[in-house]
Structure formats: structure tokens, C-alpha cells
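Participant: Order-wise, the sequence lines are chains A and R. Heads up: the first sequence begins at 1 in our numbering, then just goes up one per residue. Heads up: the second sequence begins at 1 in our numbering, then just goes up one per residue.
Keep in mind the hints are simulated off the structure, nothing from the lab. Note that the structure is predicted; figures quoted are calculated from it, not measured. Don't take each hint at face value.
If the Cβ cut is set under 7 Å, some of the chain A residues that face chain R in the computed set are [what the hints assert, rightly or not]:
no. : residue
1   : T6
2   : A9
3   : Y255
4   : S258
5   : Y260
6   : S264
What the simulated footprint calls covered on chain R by chain A, stretch by stretch (three residues with Cβ under 8 Å from a Cβ of chain A suffice, anywhere in the stretch; the number is not a length) [as the list claims (entries may be wrong)]:
no. : region
7   : 4-12
8   : 120-133
9   : 144-154
Anything over 12 Å on all C-beta distances counts as not near chain A; from chain R, calculated [stated by the list, open to error]:
no. : residue
10  : F33
11  : H72
12  : A110
13  : T248
14  : R252
15  : G254
The C-beta atom is built at its ideal place from N, Cα and C for all residues, glycine as well.
There are 2 protein chains.
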Amino acid sequence: METVSTAKAHGGVQGVYRHDSRETKTPMTFSVFVPPQGVTGKVPVLWYLSGLTCTHANVTEKGEFRAAAARHGVMIVCPDTSPRGDDVPDEKDNWQFGSGAAFYLDATQAPYDRNYRMYSYIARELPELIAEQFPAADLSRQGVFGHSMGGHGALTLALKHPERFKSCSAFAPIVQPSTSDWSIPALTKFLGADEAAWRAYDATLLIADGKKFKEFLVDQGGADSFLDKGLKPWLLEAACRKAGIPLTLNMREGYDHSYYFISSFMADHIAWHAARL
Amino acid sequence: METVSTAKAHGGVQGVYRHDSRETKTPMTFSVFVPPQGVTGKVPVLWYLSGLTCTHANVTEKGEFRAAAARHGVMIVCPDTSPRGDDVPDEKDNWQFGSGAAFYLDATQAPYDRNYRMYSYIARELPELIAEQFPAADLSRQGVFGHSMGGHGALTLALKHPERFKSCSAFAPIVQPSTSDWSIPALTKFLGADEAAWRAYDATLLIADGKKFKEFLVDQGGADSFLDKGLKPWLLEAACRKAGIPLTLNMREGYDHSYYFISSFMADHIAWHAARL
């Protein structure tokens, strides 16, 4: 692992790091905020998964998470959203597929199956690296959250690993990518046309298929232009109600899909996770 | 004035606006955060002046000011750092002069004197526009702060207009541009070789020449790579001591010159201003 940069921030250290990933077969960049409490002791680890078009950098710069993470003593890890590079098959002009749009799954279809393994990268490889390189990380206390495509990533990861994650929340998540215009083409290319394979990466269908998690927190902007077509939080609400999973869904009037929305409720989410970690 | 964008954030509205400036003779872009208290009532106005290479956007995205501004009910106005455009004389490869580096002065030397009028723009034109376009702005309660070159701007503006500004603070300000490597070439080009003309835009020399302000707050990172050469806060300390101006100078161990530093102490500065506005 190579250190790209570090800077003191809010009493802790905000770093950016790069390593060669065995899963994606590319260099991968991610950011880690170690709160002041991590200098001397162990702290819980909260994973933030970003949305379409983002790298680790967007939330690291615009997410306003450090003040709350320092207050509550939580480490924040922000991975990239996809493998990148000249050798990675991509559609340069399509923001909903490929670079910046890997949907936190393991692709099964050539030529994408070689590099697009973000599920295994987040579920296994990166936690191993964090455990090895960040002595402050207490991996017995992990939470996960994310935005939009990253909210989908957080929900599906938590449902598949309820033993690993003690808490899960999301900002404006894609709750049912199988039926969402902006994810169907990507799922088809990554996983093939058989929709049965898509169920493993669809929060509402994982719940319908019996996966459980102890509770979810979701914030959703009421003025989000993707609300009706891409996000549809009511589908998660219905799935959770049927399965008996407690869901707190906060509709936030007037808020859009941007980092202005995310950063407005970031401190609330971190406090909520901290209380459960 | 044209609205470029608005988004709800921290209960208020973060907007970006553009207008044709009579001073710079170019379109100028700036951002305004109206806190929730500004929807129904009047709120004080806190001006944030940015540093070299920045536009209004850097601090608007990375400054983490909205949570504190919403808590204290303060409007935050972030101007650009220079005129910009194909018709504006510039040195494209020089980050210390021209675009992004106008040093909050009125140039007197051709060809720069036509557009580089950031002092008059901030001192007169933009406040008039804010008064006209933002009914929530209570311009009888104004404060000013800034970073690096913008800290220089804040200090000199406050010293020249103690009746207008009730409070002034700075992050890592250039306190004596007349003797600083990174500003001498710009002062020479904008104001001519006669250093007497530079005194009007040098905080320590304005103080030496008898200008007063009721008190200053300055935060300075101890690991700032520009500390010894460009910033030298001890020169401000000496000038204030001699003139009897109270200065709180917080040296912040381990912090650099970046937005990670600024955002770490942003809430402190806004609370400090709010108590004086």
C-alpha cells in the first residue's frame, strides 16, 4: 500500500492510499479518516460507498463527515466506485456503466468479469488491507453506509453480511436496481440477461428472498430528480414491512440528490452508527 | 444577476450567482449561503475571501461552513478571487499572478488597471448587489474572514473599513505581502515599483500607519509549508502588539495550508463572528 497524501483534519488524519488489488487487477485508490481517538486506541470502522460517477475523492472533500467522525471516534473508509485504467473494459461516454459505475457486484460476463469485482473487493479484500495497515481499526465493530448506487451497495452488503456489519444506513439509495432504468443495462452487461442472477444484488429482492438485517436508516431528498424513476424508497419500505425489518425512512423536503443533501444529514447518520458500534 | 444553481443544504439555501461587474468589466461568479433563519428574518453577513488559485467554488464545496452558519444564523458570501476571461490580461502559467491571484487590490498599472479592481468590487459593488438581491442580508452586521491571500484581503479590508465590519478573522493569512516572495511580483505588476503604493494593501503596514481594528482572530497551521516564507504571522503579532490591537493567534500543531485545515476550525471562526454580529 502506498500513501498518496495525508493531512491533519479535525484532530485526526485524513489520508488517501493506493494499492494493487488482487480482485480488480488494477491499482485502487481509497481514503481513510482516522479520528483523534484512533491515535491511541481502537475505533469502529464505518464504510462509505459512493454513487455513480464518483471516486473516493468526492465524499472525502464534500461529505463533511470528519467533524462528526472525530466527535464520535469513528474511522471512515471511502473506496472508489469501480476499477479504472486503460486495460479495464469501459464505455467512456456512459456514466451509468463501467468506470464510476460498477454497482458493487462481481461481474460474471466477459469481458467484464476480469476486473469488475467490487463486491469481493469491498466484502473481503479491502477489509483485510485495512486490518493489516490501520492498527486503530476495530473490525469487530463495522458499519456501512452510502449514497445512491453506494446506498444500494451498503444495503446489499449488509443484507449479505449481517454478522459483519452492526449498522447500515443510506442516503437516497437505489433500492431495487433490477427494475431501475439506470441500472438494468449495467446488470445485463455485468451479470447477463437472466434476471435470476440480479437478485443477489438487489436489496428489496434479497429481503424478499429471506435475507435479514436488524434495522435500516434511510434519508431521501423530496426534491431529488431521481426519486420516482431510479430510487423509489417506498419499495424498500414495503419489503421491510413485509419482512419485519425496522426501517426509519426520513423524507427530507426540498433536498436534491447532491452532496449538499448528503452533507446536511451526514452528522445524523454518523451519530446513529456510532450509537450502534 | 443570474442564478447559476441553488440547493437546499443544512436547512438553508446554497446558491451560486453570476453578474456583470462594473468594476472588473467581466462576468463575476459568487456563492451565497442563506441560513434557515434568513427565510423569515434578517441575518448578519459574513464575507469569506479565498486564497490563491481558488474560485468561489473551493470553499463552497470543501469549507464545511454551512452547519455552523445554519446553527448561528449567518449568511456566508464567497466571491471569486479575480476577474477571469479571454479579455483579461493574465499570465496563464503563473499561479501567483492574474487569474485566481488578484490580491484584493485596485491595480493602477496598465494593462491590469482596467479589470483588476477586486478591492472596489468587494468593498463597494458586491455589497450593493447583495443588499439589492438578498432581502435577508442585514448589512448593518457584517464580518469578514478568509484564507491565505484571502486572509490578507480580510485583514486589509477590515482595517480600511472598521465602521463596516464588526468582526474579522483569518486562516493562515499573508500578513505582510510587501515582503513576501509570493506577492512582491504581483504587487509590482499591479501597483508599480514604488513600494509606497503597496502600503495600502499590507495589513502590518496599514497598522503601522495608524489604521485600527477592534480585534483579530487568526488560526495558523504549524505544519504549513508556507509559514516561514509567505505567511509569517509573528509580523502581525508584533504590529498588533505595538498598536494595541488585541490579536488571538492560535498556532495549530500539525495542520497544513489546505481546506482540511480551514474546515477543521471553520465552526470556531463562525461562532466567534456570530458572537460579535
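Participant: Could you work out which earlier hints the structure fails to respect and list their numbers in ascending sequence?
Facilitator: 1, 8, 9, 10, 14, 15
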